[in-house]
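Undergrad: If you read the protein sequences in the order shown, they are chains A and B. In terms of this note's numbering, the first sequence opens at residue 1 and continues consecutively. In terms of this note's numbering, the second sequence opens at residue 1001 and continues consecutively.
Everything hinted at is true.
In the DSS-like style, the derived pairs of lysine-lysine whose C-alpha atoms are separated by at most 27 Å in a straight line are:
#, chain 1, residue 1, chain 2, residue 2
1, A, 66, B, 1097
2, A, 41, B, 1107
3, A, 14, A, 41
4, B, 1002, A, 64
5, B, 1042, A, 14
6, B, 1097, A, 41
7, A, 41, B, 1002
8, B, 1042, B, 1107
9, A, 66, A, 41
10, A, 41, B, 1042
11, A, 20, A, 64
12, A, 64, B, 1042
13, A, 20, B, 1097
14, B, 1042, A, 66
15, A, 20, B, 1045
16, A, 41, B, 1079
17, B, 1042, A, 20
In case anyone wonders, no lab produced these hints; they're calculated from the structure. Predicted model, so just to flag it, every value in this text is computed and none were measured.
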Amino acid sequence: GAVVSQHPSRVICKSGTSVKIECRSLDFQATTMFWYRQFPKQSLMLMATSNEGSKATYEQGVEKDKFLINHASLTLSTLTVTSAHPEDSSFYICSARTANRGDTQYFGPGTRLTVL
Amino acid sequence: RKEVEQDPGPFNVPEGATVAFNCTYSNSASQSFFWYRQDCRKEPKLLMSVYSSGNEDGRFTAQLNRASQYISLLIRDSKLSDSATYLCVAPPGGTYKYIFGTGTRLKVLA
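With the rest of the complex left out, here is chain B (with noise of 0.2 Å):
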C-alpha cells in the first residue's frame, strides 16, 4: 500500500459545483497534515494545513479522519480558477519529510 492514496481524476465539474476530494495515509503516526495546490510546471502552494477539529478557509474545508486515516478537502462554489492539481501531504511521525500523494486534478468548466 502506498503511504498517501489519492484519487488521480481528472473531476471535471461546472463552476458553482461543491467537489470533495479524500486522500488516504499508512502512517499512524503522522500527526500533522496538508493540502497543496499545484497549478502545471510551477512549484506547489500551501493551500491550508489539517488539524484534528477541521478547519475551514473560505470556500474551502478541510477535516481529519483519525480513524480511518483519511484527510479531505472540500471546495465550494468551485471557480474556474481553482483548477489544478491538489497535492495532499502526510509527513511520517517523527519526521519532516514530506510524503506526498498523486495529486487529484480539477478541472473546474464554464
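Same shape as in the complex, but just chain A (with noise of 0.2 Å):
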C-alpha cells in the first residue's frame, strides 16, 4: 500500500509557460502533502508543505506567486510552475503522509521539467 502518483513523469516546455503538477495519493487519504525539488547532484529541497483545503506553507526562499500549489482534497494536490524558466528545470518530487503511519512520507516517481 501507500502508492502515490505523479503526472506528467516529464515534461519540456518554453519559458514564459506553465506547466502543472499533479500528485495523488492512490490507496490512501493523504493528511499532508509535500513538494520538493532536487536539481542534479544535489538533495532534495522540500519547497512547501500542504493540507488539505488550506493554504500552503512555502519554505524560505520559494515564491508563492510563482509555484502555486493546490490541495482540493485528500488524495490530490497540484503544484503550478508560473511563467517557467530555464533555471526552473528541475526534478519535482511530491510526498504524502497519512496520520495513522506517522511521520513517514511515500514518495511519488518524480516530474522531470526542461524549460527551454
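Take the two lone chains, each set in its own frame, and fit them into one complex as the hints suggest.
TA: Set out below in C-alpha cells:
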C-alpha cells in the first residue's frame, strides 16, 4: 500500500509558459502532501507543505506566487510552475503522509521539468 | 552547521564487503529518523525507519545515537544492486517536514 503517483513524468516547455504537475495518493488519504525540488547532484529540498483545504506553507526562499499549490482533496495536490524559466528546470517530487502511519512520507515517482 | 549532514562519498566497495554510513543531525528535538535509498533519476524509497533501540532488516542495520546526535546505516554482504545514494532524514521535532542530508553515494564493484 501507500502508492503515490505523479503526472506528467516528464515535461518540456517553452520559457514563459505555465506547467501543472499532479500528485495523487492512490490507496490512502493523505493528511499532508509535500513538494520537493532536486537539482542535479544535489539533495531534495522541501519547497512547501500542503494540507487539504488550507493554504500551503512555503519554505524560505520559495516564491509562492511562482509555485502555486492547490490541495483540493485528500488524494490530490497540484503544483503549478507559473511563467517557467530555464532555471526552473529540475526534478519535482511530491510526497504524501497519512496520520495513521506516523511521520513516514511516501514519494511519487517525480516529474522532470525542462524549460527551454 | 547544516541541519543534516552526510559524507557525500562516493564509497566504492567490492561485492561482499561491509560498509557503514553516518549521518549527523543538529536538532536535538528530532524524534524520528529514516534512511531512504535513491537510484539515479528516481524518487527516494524508504529503506528503514530508525528506532531508539536500533533495528535490523536483513543485511541492513540502523542505529541511533542520541547523545552524539547521529544515525548510522550498516550494510553487510554488499550486492551490486545496493549501488545507490542513501539519504538520511531527520524531521525537526514537532513537525512532519523532512530535512534531507546530501546523501551518500555507494558504488558496489564486481
